[in-house]
Amino acid sequence: MKRVYVNEEWCLGCHLCEYNCAFANSGMSDMATALKGKTIYPRIHVEGDDKITYAVSCRHCTDPICVKSCIAGAITKEDGVIKINKDKCVGCLTCVLVCPYGALAPGENGIMQKCELCLNNSCGEPACVAGCPNRAIVYEERGEDK
Amino acid sequence: MKQYVIIGNGVAAAGCIEGIRSTDGKTPITVISEEKYPVYCRPLISYYLEHKTDTKKMNYRSDDFYEKNGCKVIYGRKAVRLDTENKKVILDDGGELPYTSVCVAAGSSPFVPPFEGLETVEKKFAFMTLDDTFALEAAVNENSDILIVGAGLIGLKCAEGLYGRVKSITVCDLADRVLSSILDADCAAVMQKRLEENGIKFLLEDTVTKFEHNTAHMKSGADVKFDAVVLAVGVRANTALVKDAGGETGRGITVDDSMRTSIENVYAAGDCTEGNDISSGQKKVLALLPNAYMQGYTAGVNMAGGESLFDKAVPMNSVGFFGLHAMTAGSYDGELTDCSENGNIKRFFIRDGLLCGYILIGETARAGIYTSLIREKTPLNTVNFDLLTKTATSAAFTEENRRKKFGGVV
Chain R
0 MKRVYVNEEW
10 CLGCHLCEYN
20 CAFANSGMSD
30 MATALKGKTI
40 YPRIHVEGDD
50 KITYAVSCRH
60 CTDPICVKSC
70 IAGAITKEDG
80 VIKINKDKCV
90 GCLTCVLVCP
100 YGALAPGENG
110 IMQKCELCLN
120 NSCGEPACVA
130 GCPNRAIVYE
140 ERGEDK
Chain V
0 MKQYVIIGNG
10 VAAAGCIEGI
20 RSTDGKTPIT
30 VISEEKYPVY
40 CRPLISYYLE
50 HKTDTKKMNY
60 RSDDFYEKNG
70 CKVIYGRKAV
80 RLDTENKKVI
90 LDDGGELPYT
100 SVCVAAGSSP
110 FVPPFEGLET
120 VEKKFAFMTL
130 DDTFALEAAV
140 NENSDILIVG
150 AGLIGLKCAE
160 GLYGRVKSIT
170 VCDLADRVLS
180 SILDADCAAV
190 MQKRLEENGI
200 KFLLEDTVTK
210 FEHNTAHMKS
220 GADVKFDAVV
230 LAVGVRANTA
240 LVKDAGGETG
250 RGITVDDSMR
260 TSIENVYAAG
270 DCTEGNDISS
280 GQKKVLALLP
290 NAYMQGYTAG
300 VNMAGGESLF
310 DKAVPMNSVG
320 FFGLHAMTAG
330 SYDGELTDCS
340 ENGNIKRFFI
350 RDGLLCGYIL
360 IGETARAGIY
370 TSLIREKTPL
380 NTVNFDLLTK
390 TATSAAFTEE
400 NRRKKFGGVV
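Line by line, the protein sequences are chains R and V.
Residues 0 to 145 in numbering that gives the first Met the number 0 are what the first sequence spells out, letter by letter.
Residues 0 to 409 in numbering that gives the first Met the number 0 are what the second sequence spells out, letter by letter.
One or more of the hints may lead you astray.
What follows is a set of in silico ranges between Cβ atoms, one per label pair, in the way DEER data are often shown [to be verified]:
1) V:D175 / R:P132: 36 to 46 Å
2) V:S180 / R:L118: 53 to 63 Å
3) R:L118 / V:K224: 40 to 50 Å
4) R:N119 / V:K55: 51 to 61 Å
5) V:F133 / R:D86: 29 to 39 Å
With a straight-line cut-off of 16 Å between C-alpha atoms, the simulated EDC-like cross-links for lysine to aspartate or glutamate are [what the hints assert, rightly or not]:
6) V:K404 / R:D86
7) V:K404 / R:D49
8) R:K50 / V:D53
9) V:K389 / R:D86
10) V:K403 / R:D49
11) V:K51 / R:D48
12) V:K389 / V:E340
13) V:K56 / R:D48
14) R:K85 / R:E124
15) V:K242 / V:D82
16) V:K389 / R:D49
17) R:K76 / V:E17
18) V:K311 / R:E115
19) V:K55 / R:D48
20) R:K76 / R:D49
21) R:K85 / V:D53
22) V:K403 / R:D86
23) V:K192 / V:D175
24) V:K389 / V:E362
25) V:K209 / V:D82
26) V:K404 / R:D62
Just so you know, these hints were derived from the structure itself, not from any lab.
Ideal placement from N, C-alpha and C gives every residue a C-beta, glycine not left out.
Chain R with its partners taken away, still in its complex shape (with noise of 0.2 Å):
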């Protein structure tokens, strides 16, 4: 399946895709009205020392830790993209307790989100990897699920 993938040779460390993902998971159609002056809460984040810098998302593992888990049965796995229903979501952190990647955290409410891939918002395809200047972050198959 397509995943996001980041070439952390090309990642200027601009924070846009922080942006870009906010916008697109807010519902709005105007991202000034969107974030302007605002917490921003992104589903993909940018880390790095002061020689590299790359973007961090969820890898939407063969094997998810996350979803086995959840002690509230809020993550599941459907099509090889790992969901979160925040309807069932208590905010206990488990999931972040348990990913090697770091790559979940919490919203402005305390109730997880994760990347899902812009499958379920406006965009269609990942923000992220749309509105990456330098192309470090791309949406492609790379290898096949066991």
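Using the hints provided, position chain V relative to the given structure of chain R.
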């Protein structure tokens, strides 16, 4: 006829069903459920009291889960004996279920010490099941004074759940601190403070010497008046089925990494077991939902003739009270590196060049990166551990490692 039997209907059983079906799509599965509900999220009972969830959302799986997976569930019955010679499970109504392989996922039961006068207390509750929760909910109101005996995870989550629904909550424990099984003294003090700021009262290093109707006479000499008492002293693994059948048991049913017990074709998973804790190298009862699921899944795969090992079990907890989160993992039997700052607690325990445990309070972002260091036994000399003590980040790993993580299928 081939048949799988699962004793218990909690999350370990659900994992077992999914493990079996990942390998064998056909052979019938029978689930014996003492409780009369489909599998639900047991740790959410306190969130139910807080109105953060409801009985429908608490269902662990969809309504068609059993049907879709070809399972028959026998509700309201209990397995009382394993006849391993004839490969049958004997039920409390005398019924017999033949098995090809069986998984004992019988959970644990509250342990209630013999308190003097407990029989004089009208309103006393455990806090383990939905039925316990409904009974407690029905027995309390905004005028109730509550005494909770036990300041562990169950007792304190119960306190948080009842907060706002009752007049007062007092928690007592024989230990000198709260959450004594997962927190050291300093960390426990931080969590206790948060609970006290929200009006929860504590009587530590103290215990009930005698109950008299609505009064608990404490060892310290204090008398605590209450309308209802919750007994959350501890739990005991339900080992009897395997023990009585001659199987090996310790504090739980002894299992190996494939979830086999010492009896052929008998597997066990979840809170009733003791398995290998790789952070301490010891057999431990790891009564945690993630482990229950993963043990159950592993048992299921193996019961169905596949091959699966769960060889990365460690104790781990994510627990929050009134917005303050603590995360703990592994064993604290190692050299302490304390990187606490700005009011956040961050303690790492290192043994033989490996991270063997940690405690975080407050800042818990991306803590799974630490947990994975324990689970994967990553030598700390292969990562930038100095950086990791400041922040949980994959930048501390090698470029090659990151390329695998973020540039490939994992």
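Going down the list of hints, with the structure as the test:
Taking 36 to 46 Å as the suggested C-beta distance range, the pair D175 of chain V and P132 of chain R does not conform, at roughly 57 Å. With their beta carbons about 41 Å apart, S180 of chain V and L118 of chain R fall outside the hinted range of 53 to 63 Å. Checked against the hint of 40 to 50 Å, the C-beta distance between L118 of chain R and K224 of chain V comes to roughly 57 Å, which is inconsistent with it. Our hint of 51 to 61 Å for N119 of chain R and K55 of chain V is violated, since their Cβ atoms are close to 22 Å apart.
A hinted range of 29 to 39 Å is violated for the C-beta pair F133 of chain V and D86 of chain R, which are about 22 Å apart. The hinted pair formed by K404 of chain V and D86 of chain R fails the criterion: a straight-line CA distance of about 30 Å is larger than 16 Å. This hinted pair does not check out: K404 of chain V and D49 of chain R have alpha carbons roughly 20 Å apart, beyond 16 Å. Under the criterion of a C-alpha separation no larger than 16 Å, the hint pairing K50 of chain R with D53 of chain V is inconsistent with the structure, at around 48 Å.
Restraint check for K389 of chain V and D86 of chain R: not satisfied, since their Cα atoms lie roughly 34 Å apart, outside the 16 Å limit. With a C-alpha separation of about 21 Å, the suggested pairing of K403 of chain V with D49 of chain R is violated against the 16 Å cut-off. For a cut-off of 16 Å, the pair hint linking K51 of chain V to D48 of chain R is broken: about 39 Å separates their Cα positions. A C-alpha spacing of about 9 Å is found between K389 of chain V and E340 of chain V, which places the hinted pair at or below 16 Å, so the restraint holds.
Under the criterion of a C-alpha separation no larger than 16 Å, the hint pairing K56 of chain V with D48 of chain R is inconsistent with the structure, at around 41 Å. At most 16 Å may separate the alpha-carbon atoms for a hinted pair to count; K85 of chain R and E124 of chain R exceed this at roughly 21 Å. At most 16 Å may separate the alpha-carbon atoms for a hinted pair to count; K242 of chain V and D82 of chain V meet this at roughly 12 Å. Taken as a hint, the K389 of chain V and D49 of chain R pair is honoured in the structure, with Cα atoms around 15 Å apart against an allowance of 16 Å.
For the hint pairing K76 of chain R with E17 of chain V, the CA-to-CA distance comes to about 13 Å; that is within 16 Å, so the pair holds. Taking the CA atoms of K311 of chain V and E115 of chain R, the gap is near 27 Å; set against the 16 Å cutoff, the hint is violated. Note on K55 of chain V and D48 of chain R: the hinted pairing is violated, with a Cα-Cα distance of about 45 Å set against a maximum of 16 Å. Among the hinted pairs, K76 of chain R with D49 of chain R is inconsistent with the structure: their alpha-carbon atoms are about 36 Å apart, more than 16 Å.
At roughly 14 Å between alpha-carbon atoms, K85 of chain R and D53 of chain V fall within 16 Å of each other, so this suggested pair holds. Between K403 of chain V and D86 of chain R the CA atoms are separated by roughly 33 Å; this puts the pair beyond 16 Å, and the hint is violated. With a C-alpha separation of about 14 Å, the suggested pairing of K192 of chain V with D175 of chain V holds against the 16 Å cut-off. In summary, the hint linking K389 of chain V to E362 of chain V is supported, as the alpha carbons are separated by about 11 Å, within the 16 Å threshold.
Of the pairs offered as hints, the one joining K209 of chain V and D82 of chain V is violated, with about 42 Å between alpha carbons and a cut-off of 16 Å exceeded. The straight-line distance between the Cα atoms of K404 of chain V and D62 of chain R is roughly 13 Å, inside the 16 Å bound, and the hint therefore holds.
Hints 1, 2, 3, 4, 5, 6, 7, 8, 9, 10, 11, 13, 14, 18, 19, 20, 22, 25 from the list above are not met by this structure, while the remaining hints are.
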